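Student: Start from the sequences, fold in the hints, and give me the full structure.
With positions in the sequence shown counted from 1, the corresponding number in the working numbering is that position plus 97.
Worth flagging that the hints you see were computed from the coordinates, not collected in a lab.
Note that the structure is predicted; figures quoted are calculated from it, not measured.
C-beta: ideal position from N, C-alpha, C; glycine also.
Every clue listed holds true.
Across the chosen pairs, the derived CB separations fall in these ranges:
hint	residue 1	residue 2	range
1	Asp505	Glu258	19 to 25 Å
2	Tyr389	Asp468	27 to 33 Å
3	Asn393	Lys431	26 to 32 Å
With a straight-line cut-off of 25 Å between C-alpha atoms, the simulated DSS-like cross-links for lysine-lysine are:
hint	residue 1	residue 2
4	Lys224	Lys533
5	Lys225	Lys215
6	Lys627	Lys208
7	Lys559	Lys431
8	Lys431	Lys263
9	Lys415	Lys361
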Amino acid sequence: MLNYRRTTPRKIPDIKERKAYFVGGGIASLAGAVFLIRDAKMPGKNIYIIEKTPVNGGCLDGSGTPENGYLLRGGRMFEEHYEATWDLLGSIPSLDDPEKTILDEVVEFNKEYVGSSKCRLVGTPGKKVDFSKYGLTVRHLNEMNELILTPEEKLAGITIEQWFSKDFFETNFWYFWATMFAFQPWHSVAEMRRYMLRFMHLVPGMNRIEGVKRTPYNQYDSIILPIQKWLQERGVNFIMGTTVVDVEIEERDGTKYVTKLHLKGQHGGTIEVNPKDLVFITLGSMVDNSTYGDFNHPPVLNRGEGDSWRLWRKLVEKDPALGNPDAFASDIDKTKWESFTITFRGDRFLKMLEEFTGNRTGTGGLVTFKDSSWLMSIVAFRQPHFRNQPDDVTVLWGYGLFVDKPGDYIKKPMSQATGKEIFLELLYHLGWLDRKDELLETVINVRTAMMPYITAHFMPRKPGDRPPVVPENYGNLALLGQYVEIPGECVFTVEYSVKSAMIGVYTLLDLGREAPPAYTPYQEIPVLLKAAETLVDDDKKELLKYSLSLFLSGKL
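Tutor: This is the structure in structure tokens:
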């Protein structure tokens, strides 16, 4: 799946005298450490990763036991053109077979488990919905065309619901789109435009979740653990349970440098940073202030300011050119949603789900209950989904986008529901309430996660709200993660974080190697034609041909 050619990086003569400090232990920092060692030849012992929690990986998490139940906050989807991610995973040996890389594992896994949903939408409890058509009208298609043709800078601050007609949000297309990518009507239409362009090649299979790649286990077990092991073997220093609370910046001869990092926690104090040392700061965090519930308790929403957001605001106080965190993290009621992980004894529930959906476990992707007040979706991953998961234990993951609306069976908001109540709401939408007693007996736990900032990166923005990876006139600072600007690339993806790390390392050290550009399927005429044909119903084919003739002739 690696489609771009890497050039040989230039040698950095003093690389062994330099140090590198990563603020945050998410995938961006771990990837950056790999690139420093692999491409810049920095000794691992010179690299420090500072993480406030006891566990690295950020949102790529996965934890729990068969006795107490498992927990996933989320699960990332991949696709063929994640060039930076495949570059990274192609360098790290598998935990199960050192002769293979993580990339080899992913390729082999997705050959066996080919995703194609036979039950994408469920309507009236227990009744599948015809999801073969996208349900777009001529007006909707014109709105989409106009969006694609409008430059991104002219979409500053505009929401999706401000752009599209009200009935657009009742189409199958919107249900596919919203639940696959976690977009809400009040999110940024500029970000939606990027997704439309960047993932245009996936449109023909979007209703069946085709073209999506997954890892054999959850991303913590499949990606984070092997990368962490690789870094540990090379002497990288992990400073856990420690938060960077402030950063000192000085200007010298027209160039700004980070000179000190102030820490609190298990390893409090101050780190002196030399001008030739490197500092990588992950801005913001989609999982900051996550709280958890279980079978008998709902999660309690944390409305406090997250540490990562507080640090970003301090940076902006020193230099307004470093972005605008308030554009993303000032209204958590528009950025939060809740996920749940159900752990079962045995496979009775998943066998029933296989019969209901027609999909073998691990091949169906999201099942969305389109009439659910919570807009609930579930996915049955290939089992086992955790490395320590026994054969007689199975797991199911799901989430709800509208967590403040009363449920359809449980007459309270999802955010106030216990894990048991969320399970009963799910049974209601599946039409299985008559079997609730026997199915409840198989449940070990339902663990829930409320995430205040999980879609903060989708909030309406304007140019400058996301700073560049390497800010102008900075000599030793790079910014990483979901809140930096990477032209043409889409946030809420592993690719975005990994590519930010690649850009940061290559730019700060002037390695003479560039990160791969964002994939541009919309520039490929066959992809454009296929996507357009997919989105229109048969009675609109002639209109499609006419519109495409204008588009291709440059008149639109």
